[in-house]
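Make a model of the complete structure from these sequences and hints.
Chain residues, written in single-letter form:
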Amino acid sequence: MIEIRDLHKSYQMGSNSLHVLKGINFKAEEGELVAIMGSSGSGKSTLLNILGMLDEADTGDYILDGVKIEKLSETKAARYRNKFLGFVFQSFNLINYKTAMENVALPLYYQKVSRKDRETKALKYLEQVGLKEWANHLPSELSGGQKQRVAIARAMAAEPKVLLADEPTGALDSTTSYEVMDLIQQINDQGNTILVVTHEEDIAHMCKRIIHLRDGVIVEDKKIDQVRASEYVQ
Amino acid sequence: MFNRDRWKEILEVLTSNWFRTVLTAFGVFWGILILIILLAAGRGLENGIKADFGDIATNTMFIWTRRTTKAYKGLPKDRDFNFKVEDREVLRTRFPQLRFISPRNQLGGFRGGSNVVRGIKTGAYNIYGDYPEIINQDPMGITSGRFINHSDIGEKRKVAVIGEGVVAELYEQGEEVLGTYIKIQGVNFMVVGTYKKKSNDGDGEEGQKQIFVPFTSFSQAFNRADNVGWMAITAKDGTSITSLKEQIVSVLKEKHKVHPEDQRAIGYFDLYEQYNRVESLFGAMRFIAYFVGILVLLSGIIGVSNIMLIVVKERTKEIGIRRALGEQPWSIRKQILLESLFLTIISGMAGIAMGALFIYGVNSLLDASGPVDMFANPSVSLGVVTGALVILILSGLLAGFIPAQSAIRVKPIDALRNE
Numbered sequence: 002m003i004e005i006r007d008l009h010k011s012y013q014m015g016s017n018s019l020h021v022l023k024g025i026n027f028k029a030e031e032g033e034l035v036a037i038m039g040s041s042g043s044g045k046s047t048l049l050n051i052l053g054m055l056d057e058a059d060t061g062d063y064i065l066d067g068v069k070i071e072k073l074s075e076t077k078a079a080r081y082r083n084k085f086l087g088f089v090f091q092s093f094n095l096i097n098y099k100t101a102m103e104n105v106a107l108p109l110y111y112q113k114v115s116r117k118d119r120e121t122k123a124l125k126y127l128e129q130v131g132l133k134e135w136a137n138h139l140p141s142e143l144s145g146g147q148k149q150r151v152a153i154a155r156a157m158a159a160e161p162k163v164l165l166a167d168e169p170t171g172a173l174d175s176t177t178s179y180e181v182m183d184l185i186q187q188i189n190d191q192g193n194t195i196l197v198v199t200h201e202e203d204i205a206h207m208c209k210r211i212i213h214l215r216d217g218v219i220v221e222d223k224k225i226d227q228v229r230a231s232e233y234v235q
Numbered sequence: 025m026f027n028r029d030r031w032k033e034i035l036e037v038l039t040s041n042w043f044r045t046v047l048t049a050f051g052v053f054w055g056i057l058i059l060i061i062l063l064a065a066g067r068g069l070e071n072g073i074k075a076d077f078g079d080i081a082t083n084t085m086f087i088w089t090r091r092t093t094k095a096y097k098g099l100p101k102d103r104d105f106n107f108k109v110e111d112r113e114v115l116r117t118r119f120p121q122l123r124f125i126s127p128r129n130q131l132g133g134f135r136g137g138s139n140v141v142r143g144i145k146t147g148a149y150n151i152y153g154d155y156p157e158i159i160n161q162d163p164m165g166i167t168s169g170r171f172i173n174h175s176d177i178g179e180k181r182k183v184a185v186i187g188e189g190v191v192a193e194l195y196e197q198g199e200e201v202l203g204t205y206i207k208i209q210g211v212n213f214m215v216v217g218t219y220k221k222k223s224n225d226g227d228g229e230e231g232q233k234q235i236f237v238p239f240t241s242f243s244q245a246f247n248r249a250d251n252v253g254w255m256a257i258t259a260k261d262g263t264s265i266t267s268l269k270e271q272i273v274s275v276l277k278e279k280h281k282v283h284p285e286d287q288r289a290i291g292y293f294d295l296y297e298q299y300n301r302v303e304s305l306f307g308a309m310r311f312i313a314y315f316v317g318i319l320v321l322l323s324g325i326i327g328v329s330n331i332m333l334i335v336v337k338e339r340t341k342e343i344g345i346r347r348a349l350g351e352q353p354w355s356i357r358k359q360i361l362l363e364s365l366f367l368t369i370i371s372g373m374a375g376i377a378m379g380a381l382f383i384y385g386v387n388s389l390l391d392a393s394g395p396v397d398m399f400a401n402p403s404v405s406l407g408v409v410t411g412a413l414v415i416l417i418l419s420g421l422l423a424g425f426i427p428a429q430s431a432i433r434v435k436p437i438d439a440l441r442n443e
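As given, the protein sequences belong to chains A and B, one line each in that order.
For what it's worth, the numbering used here labels the leading residue of the first sequence as 2, then goes sequentially.
For what it's worth, the numbering used here labels the leading residue of the second sequence as 25, then goes sequentially.
If you're looking for bench data, these hints aren't it; they were derived computationally from the structure.
Each hint should be verified, as a subset may be incorrect.
[Stated by the list, open to error] Computed cross-link-like contacts, BS3-like style, restricted to lysine-lysine with a CA-CA straight-line distance of at most 25 Å:
| no. | chain 1 | residue 1 | chain 2 | residue 2 |
| --- | --- | --- | --- | --- |
| 1 | A | K77 | B | K435 |
| 2 | A | K117 | A | K133 |
| 3 | B | K260 | B | K281 |
| 4 | A | K99 | B | K32 |
[Stated by the list, open to error] Over the 10 Å line for every Cβ pair with chain A, so calculated as not near, a few chain B residues:
| no. | residue |
| --- | --- |
| 5 | G147 |
| 6 | P156 |
| 7 | P163 |
| 8 | G217 |
| 9 | R248 |
Backbone N, C-alpha and C define an ideal beta-carbon position, used for all residues, glycine too.
In structure tokens:
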């Protein structure tokens, strides 16, 4: 599903060049749930940004679902993001003047799905994250966990190939974190490929594979026995 | 364009900070209001002053003789001379660009004594000996009967066309006018028509108290031989009389043996030049109105542009999210442009409506208080309103352009970075 070969990325900081990614190679198959771990500055966010086509690598190949991602114009990047990727952010990033349902429907709007279909689909995904009754509430009326679940529903609405989650539990307490991870695991169980960037060990162990990043290189890549988040959720 | 979600969003954005939106809109509203009022005021002044020209054909000059001031070809200076009837034919053959050449003679005039008698009633009027063409140069509406025609000229008929003002003074109410006789300086003329002039300025009253008789009959009745008092000359459309007048004067000088450099022997008044002078004054006024109005409008537009920039800044994160979710850059640009356009057009329309209301108010005030000197019917034409709308649309796009560009320069990654 995802293949990355010899990925390099450096940032220009004034006169200094900061080499953030120094040759990353990895492959993720369909249906995997991968945790990308690393301390801050290890390059994990940069990697996620490149995977999310929010940023471009200097050199190296990035193949997503058989499509080579290169020479992206803004328009093309936007189309790929919409078609291939779903994002979940640490700070939820819901649009605060739109209701939960409108937020979920947004990616579908960019796919030019008709209004009625959008609403039906958005409601379906909101139901899946257990927030159907909150469909007409604004983000400001939701709790942190609820917001993240809306964000996950939004990421899922476009039926992407890969779900990218950047510290999805970073702003949540542990109980809520486990609820969100439970949801992510359920989505993964349905066969969706998910990449989770995190620095929390317990969250990482709820995935099926952990990639450790340090100073721009992968230092460890191992399959693990998944801890089900539902064990922690009553 | 007519996408429900898009418009919903535009309204959501613009209503999220009412006070700011209204303040911004006021800038554009005020600009267009000032523009409309300035243009309407200019038009009012123009209407008022142009009314003084009445319906007179403006491409016209009047020309008359004075005393020579130079001796020439054996003739002494201080010589009196007159234009002759045949001058008309001379001018006609020399200047095919001329449309009407009307020699005229006149009796009576300013503070003249009584010169017309009908029964026991008398009156003092201007009496003109004219050719039929004069009705085209000094338009009047024939209210009954007819105007002078060429048969009258040829047969030297003693007929007269009199103004409604004359009728009112010499006739009883409802009395039959056509076919009656009036005595002009002892000579009887039969009334064959009555007229009413349209001019609505101060001379309106005077304009209705004139009597027109055939040029030839006038000359015969009042012993003018073939002399001509003065001539009204109108050029054809496309040629200005101003460009011809020098040549006309020199032809007439040659014909009447006047020294070519004698500047005083022939007097003339170029109506077209005067009209043009007034016209260019109004042109300048319109220019100033547009200039000031558009500058005021521009400051309003800069206000809109500013606010849109702030809106974009405020929504940086939101724009980043949208782009991460796959919104196309052009769609974001369109959104910002539409917001700016919407704000500009709505406030501009309000300005136009307010301006129209203002003009309506002034007009009804003018109607109520009667005519005011040099000011009549302030208005803006539909063309100006359309023009203002076009200006609004363009300026809305202009105001949105820079913010829209800066909106699509927002990189999703920068916008989403957790600071």
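Verification of the supplied hints:
In summary, the hint linking K77(A) to K435(B) is supported, as the alpha carbons are separated by about 14 Å, within the 25 Å threshold. The straight-line distance between the Cα atoms of K117(A) and K133(A) is roughly 16 Å, inside the 25 Å bound, and the hint therefore holds. A C-alpha spacing of about 28 Å is found between K260(B) and K281(B), which places the hinted pair above 25 Å, so the restraint is violated. The suggested pairing of K99(A) with K32(B) holds, with an alpha-carbon distance near 10 Å, which does not exceed 25 Å.
At the 10 Å boundary, the C-beta of G147(B) stays outside the reach of chain A, the nearest C-beta of that chain being 83 Å off. The beta carbon of P156(B) sits about 75 Å from the closest Cβ of chain A, which is more than 10 Å, so the claim that it is off the interface holds. Chain A leaves P163(B) outside its interface by the beta-carbon criterion, the shortest separation being 65 Å against a cut-off of 10 Å. At roughly 75 Å, the least C-beta separation between G217(B) and chain A is larger than 10 Å, which holds for a residue marked as non-interface.
At the 10 Å boundary, the C-beta of R248(B) stays outside the reach of chain A, the nearest C-beta of that chain being 89 Å off.
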